[in-house]
Amino acid sequence: MDLNLKNIDKELFEYIPSDNKDLNTVVRPSETYWQDAWRRLKENKVATFSLFALILLILISIIGPYLSKFDYRTNDINSLNLSPNSEHWFGTDELGRDLYVRVLYGMRISLSVGIVSALINFVIGVIYGGISGYYGGNIDNIMMRFVDVLYSVPTVLYVILLMVVLGEASLSNIFIALGISYWVGMARIVRGQVLALKQQEFVLAARALGAKNFRIILRHLIPNSMGPIIVTLMMSIPSAIFTEAFLSFIGLGVSAPMASLGVLCNDAITTYRTYPYQLFFPSLAICIIMLAFNLFGDGLRDALDPKMRK
Amino acid sequence: MMEEKKSQFLIEIKNLKKYFPVKKGIFKTSSSYVKAVDDVSFEIKKGETLGLVGESGCGKTTCGRTILKLYEPTSGKIIYDGKDITKLSVNQMLSYRRKMQIIFQDPYASLDARMTVGDIVGEAIDIHNLMGKKERNERVQYLLQRVGLNSEHANRYPHEFSGGQRQRIGIARALAVQPEFIVCDEPISALDVSIQAQVVNMLEDLQGDLGLTYLFIAHDLSMVKHISNRVGVMYLGKLVELAASNELYKNPQHPYTQALLSAIPVPDPDMAEERKRIILEGEIPSPIDPPEGCRFKGRCRFAKPICSKENPVFKDLGGEHYVACHLFD
Chain A
1 MDLNLKNIDK ELFEYIPSDN KDLNTVVRPS ETYWQDAWRR LKENKVATFS
51 LFALILLILI SIIGPYLSKF DYRTNDINSL NLSPNSEHWF GTDELGRDLY
101 VRVLYGMRIS LSVGIVSALI NFVIGVIYGG ISGYYGGNID NIMMRFVDVL
151 YSVPTVLYVI LLMVVLGEAS LSNIFIALGI SYWVGMARIV RGQVLALKQQ
201 EFVLAARALG AKNFRIILRH LIPNSMGPII VTLMMSIPSA IFTEAFLSFI
251 GLGVSAPMAS LGVLCNDAIT TYRTYPYQLF FPSLAICIIM LAFNLFGDGL
301 RDALDPKMRK
Chain B
1 MMEEKKSQFL IEIKNLKKYF PVKKGIFKTS SSYVKAVDDV SFEIKKGETL
51 GLVGESGCGK TTCGRTILKL YEPTSGKIIY DGKDITKLSV NQMLSYRRKM
101 QIIFQDPYAS LDARMTVGDI VGEAIDIHNL MGKKERNERV QYLLQRVGLN
151 SEHANRYPHE FSGGQRQRIG IARALAVQPE FIVCDEPISA LDVSIQAQVV
201 NMLEDLQGDL GLTYLFIAHD LSMVKHISNR VGVMYLGKLV ELAASNELYK
251 NPQHPYTQAL LSAIPVPDPD MAEERKRIIL EGEIPSPIDP PEGCRFKGRC
301 RFAKPICSKE NPVFKDLGGE HYVACHLFD
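So the sequences go chain by chain: A and B. Numbered according to the UniProt record's numbering, the first sequence spans residues 1 to 310. Numbered according to the UniProt record's numbering, the second sequence spans residues 1 to 329.
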């Protein structure tokens, strides 16, 4: 159809007066940084699935042992090395202990090791990195060279030495050993963030208002670097879990009758040809935990910092 | 007579210097300095607006920030209302932080993205413990309305606002402590022209209502002429000319000021054709260890042998028109 510009029906148009229009009204619904990140995280199917898997694993490791009538330490001389059956869902080990309860119990220990040591390295790393980055100059130089020295020693070696020095292989010693050796990466991340942020004008504005250093670090610098901090934290959990499993596997982890997933694997390794299920269940648990944490950490990184996504 | 004259100044800057060390080598020894502000002196009267112009990197911003002691001055004196604040500690400065404020150039970088607008504007009230929670919120809402925003905006985040609105938030933040003196550090250069006029008009209204004193830093010459009572021209860390706004624009004395003013676009094409534009040769020299003598000598049309030997003195040509140039010796 031929469109004649002069014969456009005027009734198609409606007159809207331009006055009384408040240009300052913001119509978009208010969304905080975290709401925005949560929306992006929900769009990532793998990460959401991992998150649910993690929540499920944590719930199972808390509630699961109560669903079985066995406990993790009682030996039963009449039921050694049983295969999985209706009574012992994952079978029993060479001392007749129920493997289902032991695996869940091991998961509980592994998860708490991961989370507690992540929290310890969060506290140390954020304080250390924050101070180093904020004050800069010679303080930064000295603090960072110390970090470099720690970084140059392989962490696993370092943790092993610490465990030997601390003596008794208890859960709290594992927390200490992992906590004081894994904060190095966190300190570097926080320092980098703080270095970049402290030059920003909003920090100068806070100083012009009279804010003290403590307030600037706590109210401005750390909240603004929370994204990378949380991602680093999430990523450090699986590596702590893995290191704990490794330590237990070589005999430096928690001591019997407590069991972590590493201890269970170590116990099962001698007889894995005869009773492969004894190795299968704990290693499956490690795999699922590691995978879930890593995939969730990846998703979280993409959600918190969309610019980093490839 | 002398005493009376003194009291009319809110701020006096005497021989202010701010050098930034340039660190080189493994041992980070600083052998040279960026002389961002080098021996600058001026006064600001109560209730007036002093404009500060100059090209990028000439030290305007550093000068403004050093006056607020956001940077520690290398030497020189900052006198606020008769009191020397140069050597005050952070705690002693606290009461002056309520009197001197700053509005920043970049409305995107100057607001903390993780805080609500209410917290940004109310931060000063929290820092100085000025009032209770309820009064604080009322004050924040009042301030937001004062700068032309809605009071419901207090719960929103900076990223939800446009550049002009963000700059208003920055102004509201500066007003929260009821200051007497505000350094406006290129508050309009990041905004588009229609918003620039709004913000400048608002700054003028606020000055009238609250009796504020401004140091207005900018490189937009026509805007500076509009808002300022007096204008200072900076070149490479030095103040080269200082005069009343009309006097400076009608009768510029320093060759650099003349060149700068000839660069203002004229809206009338006939007039623009008549006018002769002075085009400066060469580049602005590096502020790292600038050579002896007048800083402008390399680009000056009237350079004389004395210009490379002696630093020109800042002298009064009469009628409070100061200039630093050997042409007027």
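Keep in mind the hints are simulated off the structure, nothing from the lab. Beta carbons are placed, not taken as given, at the ideal position from N, Cα and C, and that holds for glycine. Hints are supplied without guarantee of correctness; some may be wrong.
Stated by the list, open to error - Derived DSS-like pairs (lysine-lysine); straight-line CA-CA distance at most 30 Å:
1. B:K14 / B:K134
2. B:K225 / A:K198
3. B:K99 / B:K87
4. B:K45 / B:K23
5. B:K23 / B:K46
6. B:K46 / A:K212
7. B:K133 / A:K212
8. A:K212 / B:K225
9. B:K297 / A:K212
10. B:K276 / B:K250
11. A:K212 / B:K23
12. B:K276 / B:K17
13. A:K198 / B:K46
14. B:K297 / A:K198
15. B:K133 / B:K77
16. B:K309 / B:K297
17. B:K134 / B:K87
18. A:K198 / A:K212
19. A:K198 / B:K99
20. A:K198 / B:K45
21. B:K304 / B:K17
22. A:K212 / B:K17
23. A:K212 / B:K304
24. B:K297 / B:K276
25. B:K99 / A:K212
26. A:K212 / B:K315
27. B:K99 / B:K17
28. B:K14 / B:K77
29. B:K87 / A:K198
30. B:K297 / B:K23
31. B:K14 / A:K212
To be verified - Computed far set for chain A versus chain B, every beta-carbon distance over 10 Å:
32. L67
33. T74
34. V149
35. L150
36. Q200
37. F202
38. L204
39. M226
40. T270
Hints and how they fare:
{"no.": "1", "hint": "B:K14 / B:K134", "result": "violated (43 Å)"}
{"no.": "2", "hint": "B:K225 / A:K198", "result": "violated (34 Å)"}
{"no.": "3", "hint": "B:K99 / B:K87", "result": "holds (17 Å)"}
{"no.": "4", "hint": "B:K45 / B:K23", "result": "violated (38 Å)"}
{"no.": "5", "hint": "B:K23 / B:K46", "result": "violated (40 Å)"}
{"no.": "6", "hint": "B:K46 / A:K212", "result": "holds (29 Å)"}
{"no.": "7", "hint": "B:K133 / A:K212", "result": "holds (21 Å)"}
{"no.": "8", "hint": "A:K212 / B:K225", "result": "violated (37 Å)"}
{"no.": "9", "hint": "B:K297 / A:K212", "result": "violated (44 Å)"}
{"no.": "10", "hint": "B:K276 / B:K250", "result": "holds (15 Å)"}
{"no.": "11", "hint": "A:K212 / B:K23", "result": "holds (27 Å)"}
{"no.": "12", "hint": "B:K276 / B:K17", "result": "violated (36 Å)"}
{"no.": "13", "hint": "A:K198 / B:K46", "result": "violated (33 Å)"}
{"no.": "14", "hint": "B:K297 / A:K198", "result": "violated (37 Å)"}
{"no.": "15", "hint": "B:K133 / B:K77", "result": "violated (38 Å)"}
{"no.": "16", "hint": "B:K309 / B:K297", "result": "holds (10 Å)"}
{"no.": "17", "hint": "B:K134 / B:K87", "result": "violated (37 Å)"}
{"no.": "18", "hint": "A:K198 / A:K212", "result": "holds (13 Å)"}
{"no.": "19", "hint": "A:K198 / B:K99", "result": "holds (24 Å)"}
{"no.": "20", "hint": "A:K198 / B:K45", "result": "violated (33 Å)"}
{"no.": "21", "hint": "B:K304 / B:K17", "result": "holds (27 Å)"}
{"no.": "22", "hint": "A:K212 / B:K17", "result": "holds (25 Å)"}
{"no.": "23", "hint": "A:K212 / B:K304", "result": "violated (51 Å)"}
{"no.": "24", "hint": "B:K297 / B:K276", "result": "holds (21 Å)"}
{"no.": "25", "hint": "B:K99 / A:K212", "result": "holds (17 Å)"}
{"no.": "26", "hint": "A:K212 / B:K315", "result": "violated (41 Å)"}
{"no.": "27", "hint": "B:K99 / B:K17", "result": "holds (23 Å)"}
{"no.": "28", "hint": "B:K14 / B:K77", "result": "holds (5 Å)"}
{"no.": "29", "hint": "B:K87 / A:K198", "result": "holds (23 Å)"}
{"no.": "30", "hint": "B:K297 / B:K23", "result": "holds (28 Å)"}
{"no.": "31", "hint": "B:K14 / A:K212", "result": "holds (28 Å)"}
{"no.": "32", "hint": "L67", "result": "holds (43 Å)"}
{"no.": "33", "hint": "T74", "result": "holds (52 Å)"}
{"no.": "34", "hint": "V149", "result": "holds (18 Å)"}
{"no.": "35", "hint": "L150", "result": "holds (22 Å)"}
{"no.": "36", "hint": "Q200", "result": "violated (5 Å)"}
{"no.": "37", "hint": "F202", "result": "violated (4 Å)"}
{"no.": "38", "hint": "L204", "result": "violated (6 Å)"}
{"no.": "39", "hint": "M226", "result": "violated (8 Å)"}
{"no.": "40", "hint": "T270", "result": "holds (54 Å)"}
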